[in-house]
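Assemble the dimeric complex from its two separately framed chains, guided by the hints.
Residue numbers (our numbering), protein chains in the order written: chain W, 1 to 133; chain F, 1001 to 1419.
Hints listed in this document are in silico derivations from the structure and should not be mistaken for laboratory results.
The beta-carbon is built from N, C-alpha and C at its ideal position, and this holds for glycine as well.
Hints are not guaranteed to be accurate.
Said to hold, decoys possible - Here are the simulated lysine to aspartate or glutamate pairs, DMTMM-like style, with alpha carbons at most 20 Å apart:
(1) K2/W - E1051/F
(2) K75/W - D33/W
(3) K1170/F - E1181/F
(4) K2/W - E109/W
(5) K2/W - D27/W
(6) K1061/F - D1036/F
(7) K1393/F - D1356/F
(8) K103/W - E76/W
(9) K103/W - D1036/F
(10) K1419/F - E1407/F
(11) K2/W - E1144/F
(12) K1419/F - E1386/F
(13) K2/W - E1014/F
(14) K2/W - E1143/F
(15) K103/W - E52/W
As the list claims (entries may be wrong) - Reference listing, derived: stretches of chain F covered by chain W, where coverage requires no fewer than 3 residues with Cβ under 8 Å from a Cβ of chain W:
(16) 1035-1048
(17) 1155-1162
Stated by the list, open to error - Distance windows between CB atoms, simulated:
(18) V1151/F - G114/W: 29 to 35 Å
(19) A132/W - T1056/F: 50 to 56 Å
(20) L57/W - S1396/F: 46 to 52 Å
(21) T56/W - A1154/F: 23 to 29 Å
(22) V1333/F - R126/W: 47 to 53 Å
(23) K13/W - D1169/F: 45 to 51 Å
(24) Y1201/F - G69/W: 30 to 36 Å
(25) Q1055/F - T56/W: 26 to 32 Å
(26) D1169/F - N117/W: 38 to 44 Å
(27) G114/W - T1155/F: 14 to 20 Å
(28) T1155/F - K13/W: 27 to 33 Å
(29) S123/W - H1404/F: 32 to 38 Å
(30) R128/W - A1276/F: 52 to 58 Å
(31) S1331/F - Q124/W: 55 to 61 Å
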Amino acid sequence: MKYICLGYYEPAKHAGMTEDERNAMFDECFEYDDHLRANGHWAGGEALQPSETALTLYWKNGKVATTDGPYTETKEQLGGILVLEARDMNHAIQLMAQHPAVKYGSIFEIRPSGDLNEMMKASQERRRKLTAR
Amino acid sequence: MLPNAPEDLSRIIETLYRSESGRILATLVRLLGDLDLAEEAMHEAFAAALETWPQTGLPDKLRPWLISAGRFKAIDVMRRRRRFDDAQSDLALRLEARINEAPQEEEIEDDRLRLIFTCCHPALPPEGQVALTLREVCGLTTEEIARAFLVTPATLAQRIVRAKAIIRDKAIPYQVPALLELSARLGAVLQVVYLVFNAGYSTEATGAVLSREAIRLGRLLLDVPGADLLREPEVMGLLGLMLLQESRRAARNSAEGELILLDRQDRSLWNRDQIAEGIALTENALRSRRFGAYTLQAAIAAIHAEASSAVSTDWRQITLLYDRLIRIQPSPVVELNRAVAIAMYEGPEQGLSLIDDLLAREELAGYHLAHSARADLCRRLGRFSEARASYEKALSLARQDARHEPERRFLLGRIEELK
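Next comes chain F alone, as it looks inside the complex (with noise of 0.2 Å):
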């Protein structure tokens, strides 16, 4: 091949870095059995090709290329801490005799989803959880991370540290669990993937980071290819969720950055690609019949995305899904939804007597959607200075972070129409 220039070849390294620190990280975990290591010596392997590339033009396969400069890198941390510290040395002799062992693409992807077991592991605090997956798995920085959680990279940093030193200490093995837990695993992973993409749903900049990431992950545990015991109908239903409700992002908001709800969206800005694969997936999904909580709310964002306004939004499906899912997973705020969907199928009133009765139960009173779903009800039943003081309720009880603002801007435009 021939030797490309310095600045093209360190624009490949990068993009490269993107696309593959996750696979070979997870090989090289695998292979050192220590994540810390492991970080390092593909940290070091990248700062090799950086250095050897420009001299030696792009080696035939790249990835192998880096994981063996990897394996390298290692083998000179563990000679060096050996020099201080004689436990190390039985490590950098094992790892030494496996050198020559290369692994196999099929391998690789499954070292992947490996990893992502152990960043979802249930012994980790579900923050530890979010961060060292979108660090180790996604390959994204801390300060990327802290960025789009509102936190100090400081605050964020100590969360991977700390995450760290649980698997460390627990001794978590690097594996996928056995066929007898691995529902209950699964579902972990599935909920580290959700809360991801509803971190990411609200702000729009770095919002848009977390839900491609969250995306990329579902597609990554369905695509493994010898993953075939993850072939869970809720992996789809979650994927197909995540796209349904991705869907809309351009809709989202005005280009003032203003908050706009599902009724009054320009449907034409829905991306239809998106809803198309995720519509499929859904169907897939609800033939299986072993479907759970994802599939159901993805079914429900399906006839969303099928309407082509509020108004003809088959709404008497929606409330029966929503029967279904409050019996698989009872919740207060699926019923405050489905009251919504009550309220667009039956009418107002009886939406309204519903959200009344979840607010007298008193676990959502302090919930600033659900006073802001009853003060919408209020102005359609042309009840204003009802529906004025609930939205000033929701607005009383909205969090006051940057996150938050679309929706505190929403309820004090909706308050001055009121007045």
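Only chain W is shown next, with the shape it has when bound in the complex (with noise of 0.2 Å):
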């Protein structure tokens, strides 16, 4: 099963780390996931730019609208996500849990993927019925 692992960080205490301590950071938490990949629980992952990069997109008065920077304003950034393979929740946690990244206080937020296939099965046939009519 899949568990995506969003992770947060708080950008101001990395900014206070020297460039060795940030090199050590990096290292311990890439080793660690080359270890994922090796054990066959990496399932994919991306890191994400800074949140100022971020441009939002919703709906307002009728129309798509846009706006600069993430949708929430927290102290935490959504730093990264990880698709991880995991037996069930708890060895999903356990995984984690060693994840050098928490010890250099980056938070976690583990979530099991979402089955979309019935629903999309749903929708085409839907869709199917709207253009055969």
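As structure tokens, then:
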């Protein structure tokens, strides 16, 4: 089963680290990621550029609107996502609990992946009926 | 051995996981002394099998291969941690020194027993004991257990995390307790097994999984070689009780999912094999003369199982067994059941006056089954409006969740009949 791990960090804290400290952190994190890959637990992942680079898109007064920046403003920023292959929720917790990023203050939100197959099939059915009419 | 097709192999490995993961985990826990590390090592060992076996074919001895792979994986983990944490280096060194000791077959069975006692340790909260036992000993996933107990996977995952933290923080050892405290600790284990079984009693689809696992655990406690210490009559009594209750599963619900009480069940649907085994275990336990509450309840269930109908049941014998049960395990619920048996043996009026006394003592005033039992006796006495009022009281007290849905529908049906 796939678990999506959303990693949050505090940009101010990272900015306060020396280069050596930052490098040590990166080395530990990347090494652990390699370990996850080597054992078949890594199902994908991407880092995110800082939240200033974000653009938020939404619906307002009957049309699409956009604003600069992330949707919510919090001290912690979403820094990356990791897709984990694990047997169950506790296995996912166990794998992420050892991620060195946690020790460096990152917070992981772990969510089981949703299965949209049924919803997609039902939707396809509805759309087919619509075009057949 | 001939190389198998990859899809065959992954099916074999999945089956192997179901049947062997509990044993392999238990042995790794003993070797590594750390539940989390053992679990990780076990998962990695199965992942390694999935990767290696398509090339090499199945090894001769599957379980030793997986245990040995798990040990090497654990050493990898320790080495990785050691790079960043000096405290880990000792353990890794000790592990490497012991790597060539091959565990014996008997030892592996003992390991499972050790793990059960750890998972059912009284320092853990009861819901944690149940969740941990199902996950670590029975090999169910967090999500499967959550579904069976109708909680979210996140809630259940936390129960497991907390239980593991207590084991770690209190340094609870992985061992079968010494003789002195064995019987008290065994009591806690039996209670967890019975809790699992009862959670599986009412709900149909997910319930069957829990009842099956509880019966498996009961067999494990009874059959572990070298576990003569556990030849306690109550272990036999509990397994007998569970088998006798489970034998009625097919008759307990109609095709539409409606609840069918004992007196209206189609007894030809009862599972004869389970009844025969359950009765044999119960008789063995009774012969020991050191039996307790589980054995007495099993004996009551055995009398029901042997009767061809509710009317021809030996209610006098059941009443006597309830008398003994009340002496060793006094409880208003047992008294309620005794009152129902007396109603069958001496007549509804006698039963009703006992239930009214019980309800007056207030312990059972909020228990929906007490009101529903009272309603049934009123109905049999022809006091229909009183019966209806008691069924309505029962309905108002019954919990409104999915698990109690069949009971609520049953009560609604009775109220409808009495209108």
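Which numbered hints fail: 2, 5, 6, 15, 18, 23, 24, 25
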